[in-house]
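Peer 1: Line by line, the protein sequences give chains A and B.
Residues 1 to 404, numbered by the UniProt record's numbering, are exactly what the first sequence covers, in order.
Residues 1 to 180, numbered by the UniProt record's numbering, are exactly what the second sequence covers, in order.
Bear in mind the hints are in silico, worked out from the structure with no lab data behind them.
Zero decoy hints are in this set.
In silico lysine to any residue, SDA-like type, Cα no more than 25 Å apart, as pairs:
1) A:Lys8 / B:Ser142
2) A:Lys271 / A:Asn284
3) A:Lys271 / A:Ala318
4) B:Lys41 / A:Ser11
5) A:Lys37 / B:Gly16
6) A:Lys168 / A:Tyr215
7) A:Lys264 / A:Lys324
8) A:Lys37 / B:Ala60
9) B:Lys127 / B:Glu52
10) A:Lys30 / B:Arg63
11) B:Lys3 / B:Ser51
12) A:Lys5 / B:Leu171
13) A:Lys217 / A:Gln167
14) A:Lys217 / A:Ile376
15) B:Lys56 / A:Ile392
16) A:Lys5 / B:Leu175
17) A:Lys192 / A:Tyr221
18) A:Lys4 / B:Ile154
19) A:Lys332 / A:Gln321
20) B:Lys4 / B:Ile154
21) A:Lys15 / B:Leu9
22) A:Lys314 / A:Tyr303
23) A:Lys2 / B:Leu171
24) A:Lys7 / B:Lys41
25) A:Lys271 / A:Lys316
26) B:Lys3 / B:Ile78
27) A:Lys37 / B:Asp19
28) A:Lys4 / B:Leu171
29) B:Lys18 / B:Tyr64
30) A:Lys7 / B:Lys115
31) B:Lys41 / B:Glu27
32) A:Lys15 / B:Arg70
33) A:Lys5 / B:Ser156
34) A:Lys4 / B:Asn173
35) A:Lys5 / B:Asn170
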Amino acid sequence: MKYKKIKKEFSDWGKQCRQMPNSNETLQQKIMIALEKNSQAKIRGPISLWRFSFALGAMALALILFVNLRPDYPQPIGSIPVAIDYSNQESEKTANQTSPASISYDGKEISSPEIGISYGQYTSGGSGSSDSIQSKIARWIQPAPSSDTREFLKTGFGANFKTRQVQKLTQRIQTAIRGHKGRIDYSSINEKYANISFVIPKSSFYAFKDEIQDYVKPRFYSESQYSQNLLTQKRAIETGTNIATSTKADLQKQLTNLTDAHNKTVAEIKKQLDNFSYNIYLLNSENTTNTVRLAQIKSSLNYYYGQTNLYNQKLKDAIAQYDKNKNSLNQKIQAQDKQLADLQTQDSQLMNEVETVEGSITIAWVSVFDIIEIYIPYYKTLIGLLVAVLVILMFYVRPRSLDI
Amino acid sequence: MDKKTEILLIKQAQKGNKDALGRLWQEITPKLYGYLLNVLKNKPLADDILSETWLKAINALDRYKPSQARFSAWLFAIARNQCRQYWRVNQPVGLENIEPAKLSDSSQLEKTTVKIIADNIIERLDKKDRELLRLKYIAQLSHREIAALLEISIISARVYVHRALKRAKNLANQLNLYEI
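Kindly produce the complete structure, drawing on both the sequences and the hints.
Peer 2: So this is what it looks like as structure tokens:
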């Protein structure tokens, strides 16, 4: 038997198989009624209510999943909640420090305009001395001119570790801090969280940083570093020192002038008193019986005694005034000395700040899901979307397996 | 019916034109019913599934896009799915495995020799070949439509049909069916 023949045989077979059902009319009628109903339904609305409800439900489910399962997106390095929080404090400090400050020094008034300079503040349990320095020198803060290119960099450091072995890693970091000649100011640790605040010499800071960031994989480590030039504060200290020095010199000069003037006044009064004494002596030594002359002597003596009393009083007043002015000036000079000493302390503290790095490290326990999220940041959203897509597909794409 | 006419009728039917649907019915139903009868070997059941298939097609007529598949191929896809759903509840045992008719009756041979011989061959072929030959010769689907229906390539469809026919030819030769 040939291939063509079997082909023809099957063509004939197919032709014979094709037939109308016995109940053709009935079935056709049924289909026509269905078409009519379908057309009417189409006029009522393109989307049937149940289908619309289903689509709406699927969308709502997707939305719920999207909202509820939305991951906490990884925070940028700078916003890690470490102990150093420049961003939060800056506005407060700016608000505090931009108010116009003025101070007077014996008629001189030094005012600082609104300059809006802010500088970092550490929340660690370290020295905490920077607060007092900055508040004291704030009144002299002026914007540094561009010609002044000196750098007094204060560095802050924050790091955030994610690990499944919090205690072990915390111990390693503490050892590293001490190993780099640093000092731990604050440390807290529990099973799932640890926090270390420390101070480390600037010279060993970068070596320390390189060492600790190798403790975990890069995805589990984030850091923030902050550097600020304390030139403004340095200049403020310098300005304060200059002002205090010149003020002290002025006061000392005033004291000298005061003493000179006082001595001169006293000398003149004493000279007058001597004259009065000499005249009284001469008048008392005169021997006469002339009544007229005696009356003149008596009158003259009364005058000189009166003048003597008057000048004695002047002398007392001059001495008292001098003492008073002298004490006042001495007090002012002492105040300037104290201020100079404070400024020197502030300067040395500022230099200490420049030479050290204050930092804070947080170590947080990480769950397996968090690890997945670190590698696939939006996996929860993806799952939500996938579920939504599946729900829609389940409805719109009916499983029609066309396999043989 | 050519493709253009079919598309025109579908568009009219989608607008609710009964005459257009009637012409489609007249054109497709013999093929579809013949196919279902050959598959199910049960007239009431074939009637039911034919009816169900058309009803489903009518309900989904708005979503039908002529660019994706021919309407007849689409109907066959629905019909196949309906059969599968039926078999999911009711085991197909006793339907597909019906013994082929015996060829001893000479009067029967004279009347429907061709059909009986082909049925005998078909029933002896495997399921895959049977389906291919039904779709090719009863449903008169093109290789492209068969390919779309079975989710295979057109070349594969052509090759599978050819092989099925070849196996049918060998079977006929083995059984000496055409020498009777």
